[in-house]
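Trainee: The lines below spell out each chain.
2 protein chains.
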Amino acid sequence: MPLIEILGLVAGTITSITFLPQVIKVWQTKSAKDLSLMMLLLLMLGVVLWLTYGLLIMNPAIIYTNSMVLAMSLILLYFKLRFK
Amino acid sequence: MPLIEILGLVAGTITSITFLPQVIKVWQTKSAKDLSLMMLLLLMLGVVLWLTYGLLIMNPAIIYTNSMVLAMSLILLYFKLRFK
Numbered sequence: 001m002p003l004i005e006i007l008g009l010v011a012g013t014i015t016s017i018t019f020l021p022q023v024i025k026v027w028q029t030k031s032a033k034d035l036s037l038m039m040l041l042l043l044m045l046g047v048v049l050w051l052t053y054g055l056l057i058m059n060p061a062i063i064y065t066n067s068m069v070l071a072m073s074l075i076l077l078y079f080k081l082r083f084k
Numbered sequence: 001m002p003l004i005e006i007l008g009l010v011a012g013t014i015t016s017i018t019f020l021p022q023v024i025k026v027w028q029t030k031s032a033k034d035l036s037l038m039m040l041l042l043l044m045l046g047v048v049l050w051l052t053y054g055l056l057i058m059n060p061a062i063i064y065t066n067s068m069v070l071a072m073s074l075i076l077l078y079f080k081l082r083f084k
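Chains as they are written, first to last, in my numbering: chain A, 1 to 84; chain C, 1 to 84.
It should be emphasised that the hints constitute simulated quantities derived from the structure, not laboratory data. Some clues are possibly wrong.
A pair counts as met if it fits within one copy or between any two copies, since identical chains are not told apart.
[Unchecked claim] Mimicking DMTMM-like on lysine to aspartate or glutamate, the simulated pairs with C-alpha atoms at most 20 Å apart in a straight line are:
#1 K33 x E5
#2 K84 x D34
#3 K80 x D34
So that you can see chain A by itself, here it is in the shape it has in the complex:
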């Protein structure tokens, strides 16, 4: 695998786990007051578009990353609506 694709996958892996600490924090504190609902909605919209873009240009790093971030953002949206 070319070094450039490895860099893309490392970047993708870090971005994929970026929202995991936030999911854990909200789960533990049961508080999502300071999280912006608009941020979560924009995050999801952006990620869906990136996923489409990644599929069209067949870029594995973009596809993989945005699938993971989509999952995390759905969980955060659920928490935001549940815990306020």
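Given chain A, work out where chain C should sit, using these hints.
Mentor: This is chain C only, laid out in the frame that chain A set:
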């Protein structure tokens, strides 16, 4: 410009402004308690790697998006450390 690149730029534009509502919310409430510091650090690390990747493959959507998200994440990190 090919349609695929336009999609990438639209996705990039939405992701670029994703963290703006969060910046505004924290600025207005002066509270960043529910924001995860680890999330912000991972966000910045990921974004720096994506920026490098984007520069290496010369992908304008990736370069543009990640420059914007890097700026937003620096502001959020400052707020997180200032407002706790």
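Trainee: Decide, hint by hint, whether the structure agrees.
Mentor: Status of the hints after comparison with the structure:
1. K33 x E5: So K33 and E5 fail the 20 Å test inside a copy (38 Å) and across (37 Å) alike.
2. K84 x D34: both (9 Å within a copy, 11 Å between copies)
3. K80 x D34: both (9 Å within a copy, 11 Å between copies)
In this structure, only the earlier hint numbered 1 is contradicted, and the remaining ones agree with it.
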